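Number of protein chains: 2
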Amino acid sequence: MIIGAGTAGLGAFREVRKHTQSYLLVNDGPWGTMCARVGCMPSKALIEAANAYERRRAFADLGIRGGEQVTVDRAAVLARVRELRDHFVEETCGLTAELGERALSGRAELLDGHRIRVGDDEITADRIILATGSHPTVPARWTPFADRLLTTDSLFEQATLPDRIAVVGLGALGAEVAQALARLGCTVTAFDAKPLIAGLSDPNVNAALLVALRADFALHLGHEVELARDGDGLRVTGGDVSVVVDRVVVALGRTPSFAGLGLDRLGVPLDTDGRPEVDPTTLRIGETDVFLVGDAAGDRPVQHEAADEGHIAGLNARTAALRRYKRRTPLAIVFTEPSVGRVGVRYDKLDRETVVIGEASFVDQGRARIALRGDGCLRIYADKETGALVGAELCAPDGEHLAHVLALAIERGSTVVDLLRAPFYHPTLEEGLRTALHALAKQLPDHDGFELASEPV
Amino acid sequence: MIIGAGTAGLGAFREVRKHTQSYLLVNDGPWGTMCARVGCMPSKALIEAANAYERRRAFADLGIRGGEQVTVDRAAVLARVRELRDHFVEETCGLTAELGERALSGRAELLDGHRIRVGDDEITADRIILATGSHPTVPARWTPFADRLLTTDSLFEQATLPDRIAVVGLGALGAEVAQALARLGCTVTAFDAKPLIAGLSDPNVNAALLVALRADFALHLGHEVELARDGDGLRVTGGDVSVVVDRVVVALGRTPSFAGLGLDRLGVPLDTDGRPEVDPTTLRIGETDVFLVGDAAGDRPVQHEAADEGHIAGLNARTAALRRYKRRTPLAIVFTEPSVGRVGVRYDKLDRETVVIGEASFVDQGRARIALRGDGCLRIYADKETGALVGAELCAPDGEHLAHVLALAIERGSTVVDLLRAPFYHPTLEEGLRTALHALAKQLPDHDGFELASEPV
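In order, the protein sequence lines correspond to chains A and Y.
Numbering of the first sequence is given in the working numbering, commencing with residue 123 and proceeding in unit increments.
Numbering of the second sequence is given in the working numbering, commencing with residue 123 and proceeding in unit increments.
By construction, these hints were calculated from the structure, which means they are not laboratory data.
Values in this document were obtained by computation on a predicted structure and should not be read as measured data.
We put the beta carbon where it would ideally sit given N, CA and C, even for glycine.
Hints may be right or wrong, so weigh each one.
Simulated pairs of lysine-lysine, DSS-like, Cα-Cα distance not exceeding 30 angstroms [claimed, not checked]:
#1 Y:140 - A:506
#2 Y:448 - A:564
#3 A:564 - Y:140
#4 Y:471 - Y:448
#5 Y:471 - A:448
#6 Y:564 - A:506
#7 A:140 - Y:448
#8 Y:506 - A:140
#9 Y:471 - Y:316
Computed footprint of chain A on chain Y, listed as stretches where at least three residues anywhere in the stretch have a Cβ under 8 angstroms from a Cβ of chain A [as the list claims (entries may be wrong)]:
#10 187 to 198
#11 256 to 267
#12 365 to 378
#13 511 to 519
#14 531 to 538
Listing some non-contacts, in silico: residues in chain A with all C-beta distances to chain Y over 12 angstroms [what the hints assert, rightly or not]:
#15 202
#16 262
#17 293
#18 344
#19 364
#20 508
#21 543
#22 547
#23 550
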């Protein structure tokens with residue numbers, strides 16, 4: 123039995139159906155993954171339009187005329203977002219469209235470790251995979267303002283966007299949406315209670331990102347936000363800053379959706395949030411026959427990890443002989459411009475006694491300069507004895523691509539010199555990696571200046 | 123003694139000056155590297171403007187209005203190209219600006235393996251590094267039309283660009299320039315004598331690139347081109363096609379510049395082009411004390427390899443104990459849209475008995491579709507027994523970044539499964555790599571469907 127047909131649930135489904143036709147897929151609410159419906163895909167469609175429109179500001183410098191006559195139709199932008207979304211939702215639904223009785227719509231509740239109730243039905247299963255996902259976090263005290271609040275569940279459903287918008291919370295989604303709405307011509311005021319944004323923990327990278335984002339919108343950090351009615355709008359107050367806006371985008375993260383699922387009936391200890399312990403290598407809850415995966419588990423709430431968790435649970439649910447799977451090098455990307463990447467060990471988890479740091483700026487990097495996109499900072503962390511790469515945080519033009527190179531390097535157990543031995547073409551943004559790697563190499567023992575391996579003739 | 127102050131010569135210079143102050147750097151013609159003056163950098167500046175202008179065609183679909191009122195000022199584009207070029211040339215000249223008597227302008231000629239003549243001076247050296255570069259190839263029979271021909275030496279010097287342009291030769295530079303000029307509003311007709319362009323050897327990738335480029339300009343393959351005067355212009359005829367244009371961009375590659383250098387006085391065998399044999403791991407010519415590097419050697423005429431060759435020769439020139447250096451995984455990029463990448467072993471050098479091929483289309487790839495940039499084809503080659511990645515050819519949106527990931531994977535000796543174990547974030551173009559890798563994995567022995575390593579609990 124698989125509860126939830128999002129990315130994680132569908133990952134499990136793909137493995138389970140290879141093994142047996144005796145399964146049931148239960149889903150509450152609309153079918154189609156969160157990613158396709160309200161997450162990765164519609165946000166990227168919004169960002170694509172915003173960045174294309176923003177580029178008009180570079181036209182004059184590039185020799186292109188008429189940029190000042192270009193305008194954006196926010197209603198048309200949102201209409202395209204929904205059109206694309208419908209396409210991607212249809213794709214994810216295609217997988218489950220012909221399941222017939224093996225797909226069931228409804229809210230599932232565990233009765234014990236092998237029984238669930240859906241509506242009036244009680245169903246027994248040898249293994250149960252819980253993939254119930256997550257929902258946007260909205261503080262209960264803001265419920266009275268619900269008519270003026272937007273989350274990712276409602277943002278892309280708007281016919282158009284008003285002029286004055288506040289974004290509260292600057293994690294991945296908040297940072298992306300704040301910049302996109304600002305670039306689409308909304309007056310955006312953004313708040314976060316913490317000094318670091320976009321999931322970054324490296325202060326240098328964070329500082330570079332703040333400089334870049336502040337070119338697009340007002341950004342206030344370090345204060346909790348309070349809301350109050352003000353005419354037709356909402357007054358948003360954080361520290362000394364107080365603005366009246368038409369809508370508030372609440373981007374305070376997502377809450378795992380396991381309330382009411384009956385986890386307390388599994389006979390395993392729960393933490394104060396009501397969450398059981400899950401082995402990240404098997405996805406099994408304690409010694410039960412129940413697996414908890416994806417955003418509902420909340421351990422690695424990104425799409426590719428949710429898919430992995432589904433596959434791992436699906437494989438383990440098929441057999442009595444459980445296997446432990448080696449999880450991937452952590453990778454997270456935030457699709458701002460410059461884009462943010464976090465790879466491997468985070469800066470705030472580093473043992474500062476054992477690592478060295480290499481930094482590169484993209485402000486005057488060759489290719490970035492040609493593209494009028496000089497912005498950002500890259501920091502790579504390596505073991506100071508072995509030179510092994512352990513992590514990186516960055517914000518850089520096309521940083522999403524640099525993050526993939528670094529993630530592969532770490533996944534393959536590469537040292538600073540190993541990565542320097544890879545070819546970097548000229549002129550590319552990837553050359554910025556070399557700058558940081560050279561800065562690292564100089565701090566390592568036995569560094570002799572040229573990276574290619576050699577042997578005597 | 124280092125002859126030539128381009129990328130390769132400067133690479134050698136960086137190593138030599140760490141070891142000795144007893145050196146001389148001789149350069150013929152303007153100082154500053156080919157890359158900065160007439161190569162990588164100005165071409166990228168031209169392409170950046172062309173692609174920014176081209177993007178207006180996507181505006182209406184994205185919800186942006188007024189794209190039809192945007193125009194391009196080709197004179198302004200070229201002025202910016204030169205401004206950027208001057209900046210980058212200044213950077214490369216900075217390295218040698220304060221050498222005083224250790225830098226000499228003039229044409230060098232070998233008298234023997236330890237003596238050169240520059241003008242009236244004869245100079246002796248323990249080691250000589252030849253880094254004399256290359257020049258655009260122009261057929262001698264076209265000399266009468268020189269006033270209507272452009273090469274990279276003259277293209278970026280033009281005050282503006284005429285409306286009718288032919289591009290002859292569709293290697294890396296020809297393909298880039300043809301597309302950029304077409305996107306800047308010139309009517310471009312392009313020719314190549316061969317059926318494969320942009321250095322590709324994989325017919326599927328080539329076919330996808332042709333489809334993409336033909337949206338921008340007319341492209342005729344398979345015939346040698348002849349020129350003739352026609353009024354103020356030139357008539358360009360290739361096969362059945364004949365057009366009259368204002369200028370012809372000759373992009374038939376570059377010829378290594380070693381004529382007149384006196385290589386015949388080194389006492390080593392020369393091939394029919396007058397070129398001596400050079401060990402690519404030491405850069406030494408035969409048993410001499412002379413090294414031949416960079417475009418003049420012509421073995422790997424790309425910037426990062428020229429720099430490597432300079433460093434290797436510089437290191438080896440410092441010592442009697444020569445070392446062999448392990449060269450990098452081959453990587454070449456062509457900065458068209460979609461961009462072209464060639465990594466590792468070329469398709470036409472594969473042993474088709476021992477490899478399997480995985481293919482992915484980018485026409486309907488998720489992120490590409492969101493960006494209205496769905497175009498291109500990726501083919502990855504792997505050993506059919508071990509799954510070791512051996513090469514790839516591709517044209518894809520942001521293909522330059524995908525090529526770097528593949529190059530690192532091959533450099534690190536990765537198999538298909540090794541690369542599948544790296545994290546790929548959603549939604550990115552890198553996910554297109556996974557599609558091709560999955561297609562490969564299915565053809566490999568012992569494929570069990572899910573890539574993460576596991577062990578029994």
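Review point. Are residue 471 of chain Y and residue 316 of chain Y close enough, with their CA atoms no more than 30 angstroms apart?
Key: The given pair, whose Cα atoms are some 17 angstroms apart, holds under the 30 angstroms limit.
Exercise for review: Measuring Cβ to Cβ, find out whether residue 293 of chain A lies farther than 12 angstroms from everything in chain Y.
Suggested key: Consistent with the label, residue 293 of chain A stays out of reach of chain Y, its closest Cβ about 16 angstroms off (over 12 angstroms).
Exercise for review: Could you grab the alpha-carbon distance between residue 471 of chain Y and residue 448 of chain A and see if it respects the 30 angstroms cut-off?
Suggested key: 36 angstroms, violated
Review point. Is the Cα-Cα distance between residue 564 of chain Y and residue 506 of chain A 30 angstroms or less?
Key: 40 angstroms, violated
Check your understanding: For the stretch 256 to 267 of chain Y, do three or more residues have a beta carbon lying closer than 8 angstroms to a beta carbon of chain A?
Key -> violated (count 0)
Review point. Within a Cα-Cα threshold of 30 angstroms, do residue 140 of chain A and residue 448 of chain Y meet the stated pairing?
Key: 46 angstroms, violated
Check your understanding: Regarding the assertion that residue 550 of chain A does not contact chain Y, is the least Cβ-Cβ distance greater than 12 angstroms?
Key -> Residue 550 of chain A is in fact no farther than 12 angstroms from some Cβ atom of chain Y, at 6 angstroms.
Point to revise | Satisfaction of hint between residue 140 of chain Y and residue 564 of chain A, Cα-Cα up to 30 angstroms | key: Holds - the C-alpha atoms of residue 140 of chain Y and residue 564 of chain A are around 15 angstroms apart, at most 30 angstroms.
Check your understanding: Are there three or more residues in the stretch 511 to 519 of chain Y whose C-beta lies closer than 8 angstroms to some C-beta of chain A?
Key -> n = 0 at 8 angstroms, threshold three: violated.
Check your understanding: Are the Cα atoms of residue 448 of chain Y and residue 564 of chain A separated by 30 angstroms or less?
Key -> Roughly 21 angstroms between the alpha carbons, so the hint for residue 448 of chain Y and residue 564 of chain A holds.
Practice item. For the pair supplied as a hint, residue 471 of chain Y and residue 448 of chain Y, confirm whether the alpha-carbon distance does not exceed 30 angstroms. Key: Satisfied, since the Cα-Cα distance of roughly 20 angstroms is no more than 30 angstroms.
Practice item. Check, residue by residue, whether the stretch 187 to 198 of chain Y contains three or more positions whose beta-carbon lies closer than 8 angstroms to a beta-carbon of chain A, and give the verdict. Key: holds (count 11)
Consistency with the previously given hints fails for numbers 5, 6, 7, 11, 12, 13, 15, 21, 22, 23, ordered from lowest to highest.
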